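Participant: Sequence:
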Amino acid sequence: MPELPEVETVANGVDARVRGQRILSVWTSGKPQTFKTPESEIIAALTNARIDRVHRVGKTIVADLTAHNKQPTQFLIHLGMTGRLLVSQSEVPLPPHTHLVLSLADGRELRFVDPRRFGRLSLAQQPYLGPGAEPTTISPDDFAKLFRGRKLAIKPALLNQSILHGVGNIYADESLFRAGIRPRRAAGRLTRAELDRLHAALQQVLAHAIKLGGSSVSDYVDADGIRGFFQLEHKVYSRAGQLCLDCNTPLKKLTLGGRTTIYCPICQR
62 MPELPEVETV ANGVDARVRG QRILSVWTSG KPQTFKTPES EIIAALTNAR
112 IDRVHRVGKT IVADLTAHNK QPTQFLIHLG MTGRLLVSQS EVPLPPHTHL
162 VLSLADGREL RFVDPRRFGR LSLAQQPYLG PGAEPTTISP DDFAKLFRGR
212 KLAIKPALLN QSILHGVGNI YADESLFRAG IRPRRAAGRL TRAELDRLHA
262 ALQQVLAHAI KLGGSSVSDY VDADGIRGFF QLEHKVYSRA GQLCLDCNTP
312 LKKLTLGGRT TIYCPICQR
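Counting from 62, one number per residue, gives the positions in the sequence shown under the numbering used here.
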């Protein structure tokens with residue numbers, strides 16, 4: 062599933078290409094799993110609306126719109142496991158599994174493609190703030206407060222979207238490695254110094270991954286259909302049994318909260 066850097070990359074790419082465009086018409090596929098808000102409501106809200114901004118909140122892409130009745134509204138796109146949000150010329154054939162097409166005033170189209178249909182499209186009734194804290198801007202003090210007294214292991218705590226939204230398996234593993242913290246350590250037992258290291262590592266990893274366009278380990282591509290490059294810099298994710306790039310020790314694998322977790326038994330304590 063695309064995580065924060067991938068969703069940020071897609072949102073920024075789409076924003077750069079469609080900001081200010083008016084939506085002339087809306088086509089939907091009729092596949093009910095895709096739509097959290099009824100299709101008829103989405104079509105009514107988006108038709109003739111102006112796209113004012115496209116940005117990320119957690120793992121959700123948010124399009125700020127000014128509707129035809131001058132009322133602001135928000136359109137939420139969650140990519141799920143295999144979702145893609147692509148800006149295309151209208152003459153380009155629709156990819157299979159296209160579930161939404163926004164026809165823009167300049168002749169291009171914004172398309173949502175999702176083979177497995179785990180993605181979700183909806184309208185926000187109020188400004189969408191996401192389920193948890195924003196990891197790219199949270200202060201060290203507020204970050205430390207999130208985990209105070211929690212018995213949950215730090216890896217599942219990082220993945221809990223109601224605590225800290227946007228972080229997934231890739232960036233939790235990579236940040237814990239860089240901070241030198243074992244993933245099964247109780248979040249509430251980490252020292253302030255350890256939490257400060259984790260805060261710094263997480264922000265550095267996310268910023269660098271965004272710069273490199275995210276990690277393409279499965280179906281992820283950006284708004285132009287281009288793969289990311291951060292997977293070339295993974296130190297632990299998906300490298301179980303391979304040698305640690307820092308100490309040459311074989312990396313170990315365990316399951317925490319139902320998620321595969323890779324760590325170095327020497328570098329992480």
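One thing to keep in mind: the hints can contain errors.
Said to hold, decoys possible - In silico DMTMM-like cross-links for lysine to aspartate or glutamate, where the CA-CA straight-line distance does not exceed 25 angstroms:
hint, residue 1, residue 2
1, Lys-272, Glu-294
2, Lys-131, Asp-167
3, Lys-212, Asp-167
4, Lys-296, Glu-152
5, Lys-212, Glu-152
6, Lys-314, Glu-294
7, Lys-131, Asp-113
8, Lys-92, Glu-102
9, Lys-272, Asp-125
10, Lys-272, Asp-76
11, Lys-314, Glu-255
12, Lys-97, Asp-113
13, Lys-206, Asp-167
14, Lys-131, Glu-152
15, Lys-206, Glu-152
16, Lys-296, Asp-307
17, Lys-131, Glu-100
18, Lys-92, Glu-152
19, Lys-97, Glu-152
20, Lys-212, Asp-125
21, Lys-97, Asp-125
Said to hold, decoys possible - The following label-pair restraints were derived from C-beta to C-beta distances:
hint, residue 1, residue 2, range
22, Arg-330, His-129, 56 to 62 angstroms
23, His-129, Lys-272, 34 to 40 angstroms
24, Asp-307, Met-142, 29 to 35 angstroms
25, Leu-85, Arg-330, 30 to 36 angstroms
26, Asn-309, Leu-85, 54 to 60 angstroms
27, Met-142, Ser-223, 18 to 24 angstroms
28, Ser-151, Thr-321, 38 to 44 angstroms
29, Val-153, Thr-197, 19 to 25 angstroms
30, Pro-188, Thr-316, 20 to 26 angstroms
31, Ser-200, Val-153, 40 to 46 angstroms
32, Gln-94, Ala-247, 34 to 40 angstroms
33, Ala-105, Pro-326, 33 to 39 angstroms
34, Ala-247, Thr-127, 45 to 51 angstroms
35, Leu-306, Ala-254, 53 to 59 angstroms
It is worth saying that the hints were derived from the structure and are not from the lab. Computed from a predicted structure; not experimentally measured. Glycine included, C-beta positions come from ideal geometry on N, C-alpha and C.
Participant: For each hint, tell me whether it holds in the structure or not.
Facilitator: Each hint, compared with the structure:
For the hint pairing Lys-272 with Glu-294, the CA-to-CA distance comes to about 12 angstroms; that is within 25 angstroms, so the pair holds. Using a Cα cut-off of 25 angstroms, the hinted pair Lys-131 and Asp-167 holds, with the two alpha carbons roughly 21 angstroms apart. Note on Lys-212 and Asp-167: the hinted pairing is violated, with a Cα-Cα distance of about 54 angstroms set against a maximum of 25 angstroms. As the CA atoms of Lys-296 and Glu-152 are separated by approximately 42 angstroms, the hinted pair breaks the 25 angstroms bound.
Between Lys-212 and Glu-152, the direct Cα distance comes to roughly 55 angstroms. Violation of the 25 angstroms bound is thereby established for this hinted pair. For the suggested pair Lys-314 and Glu-294, the alpha carbons sit about 19 angstroms apart, so the restraint of at most 25 angstroms is met. For the hint linking Lys-131 to Asp-113, the alpha-carbon distance of about 12 angstroms falls within 25 angstroms, and the restraint holds. A distance of roughly 15 angstroms separates the Cα atoms of Lys-92 and Glu-102; the hinted pair therefore holds under the 25 angstroms criterion.
Between Lys-272 and Asp-125 the CA atoms are separated by roughly 24 angstroms; this keeps the pair inside 25 angstroms, and the hint holds. Between Lys-272 and Asp-76 the alpha-carbon distance is near 16 angstroms, which keeps this suggested pair within the 25 angstroms criterion. Distance hint between Lys-314 and Glu-255 is fulfilled; the C-alpha atoms sit about 22 angstroms from each other, no more than 25 angstroms. With a C-alpha separation of about 22 angstroms, the suggested pairing of Lys-97 with Asp-113 holds against the 25 angstroms cut-off.
Between Lys-206 and Asp-167 the CA atoms are separated by roughly 48 angstroms; this puts the pair beyond 25 angstroms, and the hint is violated. Simply put, Lys-131 and Glu-152 have alpha-carbon atoms about 31 angstroms apart, too far for the 25 angstroms limit, and the pair is violated. Distance restraint check for Lys-206 and Glu-152: the Cα-Cα separation of roughly 52 angstroms exceeds the 25 angstroms cut-off, and the hinted pair is therefore not satisfied. Pair hint Lys-296 plus Asp-307 holds up; C-alpha atoms about 9 angstroms apart against a cutoff of 25 angstroms.
Between the alpha carbons of Lys-131 and Glu-100 the distance comes to roughly 21 angstroms, so the proposed pair stays at or under 25 angstroms and holds. Of the pairs offered as hints, the one joining Lys-92 and Glu-152 holds, with about 24 angstroms between alpha carbons and a cut-off of 25 angstroms not exceeded. In summary, the hint linking Lys-97 to Glu-152 is not supported, as the alpha carbons are separated by about 29 angstroms, beyond the 25 angstroms threshold. Straight-line distance between C-alpha atoms of Lys-212 and Asp-125 comes to about 38 angstroms, which puts the hinted pair past the 25 angstroms bound.
Annotation: proposed proximity of Lys-97 to Asp-125 holds, straight-line Cα distance about 18 angstroms (limit 25 angstroms). Between Arg-330 and His-129 the beta carbons are some 58 angstroms apart, a value that agrees with the proposed interval 56 to 62 angstroms. Look at His-129 against Lys-272: about 38 angstroms separates their beta carbons, and that is inside 34 to 40 angstroms. Remark: the range hint 29 to 35 angstroms for Asp-307 to Met-142 is upheld by a beta-carbon distance near 31 angstroms.
The beta-carbon spacing between Leu-85 and Arg-330, approximately 58 angstroms, falls outside the hinted interval of 30 to 36 angstroms. Judged by the Cβ atoms, the range 54 to 60 angstroms given for Asn-309 and Leu-85 holds: they are separated by roughly 59 angstroms. The hinted range of 18 to 24 angstroms is satisfied by Met-142 and Ser-223, whose Cβ atoms lie roughly 20 angstroms apart. With their beta carbons about 41 angstroms apart, Ser-151 and Thr-321 fall inside the hinted range of 38 to 44 angstroms.
Distance hint check: the CB atoms of Val-153 and Thr-197 are about 33 angstroms apart, inconsistent with the given range 19 to 25 angstroms. The supplied range of 20 to 26 angstroms is broken by Pro-188 and Thr-316, whose beta-carbon atoms lie about 37 angstroms from each other. Between Ser-200 and Val-153 the C-beta distance comes to about 44 angstroms, which sits within the given range of 40 to 46 angstroms. With their beta carbons about 37 angstroms apart, Gln-94 and Ala-247 fall inside the hinted range of 34 to 40 angstroms.
Between Ala-105 and Pro-326, the C-beta spacing of about 56 angstroms breaks the proposed range 33 to 39 angstroms. Checking the proposed 45 to 51 angstroms range against Ala-247 and Thr-127 shows it holds: the Cβ atoms sit about 47 angstroms from each other. For the hinted restraint 53 to 59 angstroms between Leu-306 and Ala-254, the CB-CB distance of approximately 24 angstroms leaves it violated.
This entry does not satisfy hints 3, 4, 5, 13, 14, 15, 19, 20, 25, 29, 30, 33, 35, going by the numbered hints stated previously.
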